[in-house]
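Participant: The lines below spell out each chain.
2 protein chains.
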Amino acid sequence: MSASADINDIEEGLAFRPKFDSSGLVTCVATDAGSGEVLMVAHMNDEALRKTIATGEAWYFSRSRSALWRKGETSGQTQRVLEMRLDCDQDAVWLRVEQTGAACHTGRRSCFYRRVEAGEGGTQLSFADADRLFDPKQVYSK
Amino acid sequence: MSASADINDIEEGLAFRPKFDSSGLVTCVATDAGSGEVLMVAHMNDEALRKTIATGEAWYFSRSRSALWRKGETSGQTQRVLEMRLDCDQDAVWLRVEQTGAACHTGRRSCFYRRVEAGEGGTQLSFADADRLFDPKQVYSK
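These protein sequences, in sequence, are chains A and B. In case it helps, the numbering used here puts the first sequence at residues 1280 to 1421. In case it helps, the numbering used here puts the second sequence at residues 1280 to 1421.
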C-alpha cells in the first residue's frame, strides 16, 4: 500500500487504528460534557484505551509513575465517558465526560485554573476558576 | 530549592514557566470559544508560544514538517485566541479560539470527526459532524 493510500485510510476510514508515539502513548483531552470546559490533558497507552472503551470510565497512563491509572482510583473523582472521539491522524483522543467533583490533583475542577496574559513586564499567569473542591493533602495522604 | 517547593511554585505560582518536553514542545488543545467543541490538538515550541501570545493568533510547531506554522497560513482558516490557559504542571496549553472556517486539514470544522464505539466485532469508528467546509485538494494544491 502506498503512503498516501495509507494516510487516506487513517484519515477517512472507519477502522480503529490508534497511532501511538515512540513511548506507546496517545494524547487525551477530557472535557466536561455539560460546559465544554477542558478538564485535563493526559496520556493513554493501549491498555488504558481498551479499558476506557470497555468500562465507560476513563483510564490513563501516568508517565511520571509509569503506571496504568483509573482516574479517581485514589481521590474518588472518577470520569464517566459519554463520548469518545479520535482525531484525523488517530493520535489524539477526545473524551466528553461527566466528572465527579474535581479533575485536577490540586483539588480544582479543571487543571487549567490559570490564564496566560501578556503584561508590561512580560507574560504572567492569573487565577481563573481556581477554587478548590477538595483539599489534596487530605485526599492523597491516606 | 527542594523538589516539593519547586512543584508548589509551578502549580500554585503565577510565574509563566512552560515545561517543554525533550523535543522542546508543549501540547496545545484548541476549543471553539462558542460551542466548547475540541477543534484540534497540536504542539507549540517556545517560539510558537511567544508568537501566539504576542499576536493573539494561534501559531504551532509542526512535528512532521519540523517547522513553525501560523495556523491558516496556507488555508486561510486562522484562529483568533480569546483566552489562553496553562495546566497545573505547565506542560499543556488550552486555547479558546474563534475559528475561521475549518480547523482540520481534511476540511472539517474539527479534527475530531469520528466517534469511537465498542461493537460486537470490536472497536469501530463512525462519522460525526464530518461535513467538509472546504475541499482540501483545492486549498492545499495551490
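Simulated from the structure, these hints should not be mistaken for laboratory data. Please read all numbers here as calculations on a predicted model, not as lab measurements. Worth double-checking, as some hints may not be accurate.
If several chains are the same, the list does not tell them apart, and a pair holds so long as it fits within one copy or across any two.
What the hints assert, rightly or not - Here are the simulated EDC-like cross-link-like pairs (lysine to aspartate or glutamate), alpha carbons at most 20 angstroms apart as the crow flies: (1) K1416 with E1399; (2) K1416 with D1300; (3) K1416 with D1288; (4) K1416 with E1336; (5) K1298 with E1377; (6) K1298 with E1399; (7) K1330 with D1300; (8) K1416 with D1370; (9) K1330 with E1291; (10) K1416 with D1285; (11) K1330 with E1290; (12) K1330 with D1288.
Participant: Now, for every hint given, state plainly whether the structure supports it.
Facilitator: Hints and how they fare:
1. K1416 with E1399: Answer is neither; intra-copy 36 angstroms and inter-copy 44 angstroms both fail.
2. K1416 with D1300: neither (34 angstroms within a copy, 28 angstroms between copies)
3. K1416 with D1288: Classified as between; 16 angstroms across copies, 48 angstroms inside a copy.
4. K1416 with E1336: neither (25 angstroms within a copy, 39 angstroms between copies)
5. K1298 with E1377: Neither way: K1298 and E1377 sit 26 angstroms apart in one copy and 29 angstroms across, limit 20 angstroms.
6. K1298 with E1399: neither (42 angstroms within a copy, 22 angstroms between copies)
7. K1330 with D1300: within (19 angstroms within a copy, 27 angstroms between copies)
8. K1416 with D1370: Neither: 35 angstroms inside a chain and 23 angstroms across chains, both beyond 20 angstroms.
9. K1330 with E1291: neither (25 angstroms within a copy, 32 angstroms between copies)
10. K1416 with D1285: between (49 angstroms within a copy, 17 angstroms between copies)
11. K1330 with E1290: neither (24 angstroms within a copy, 29 angstroms between copies)
12. K1330 with D1288: neither (25 angstroms within a copy, 34 angstroms between copies)
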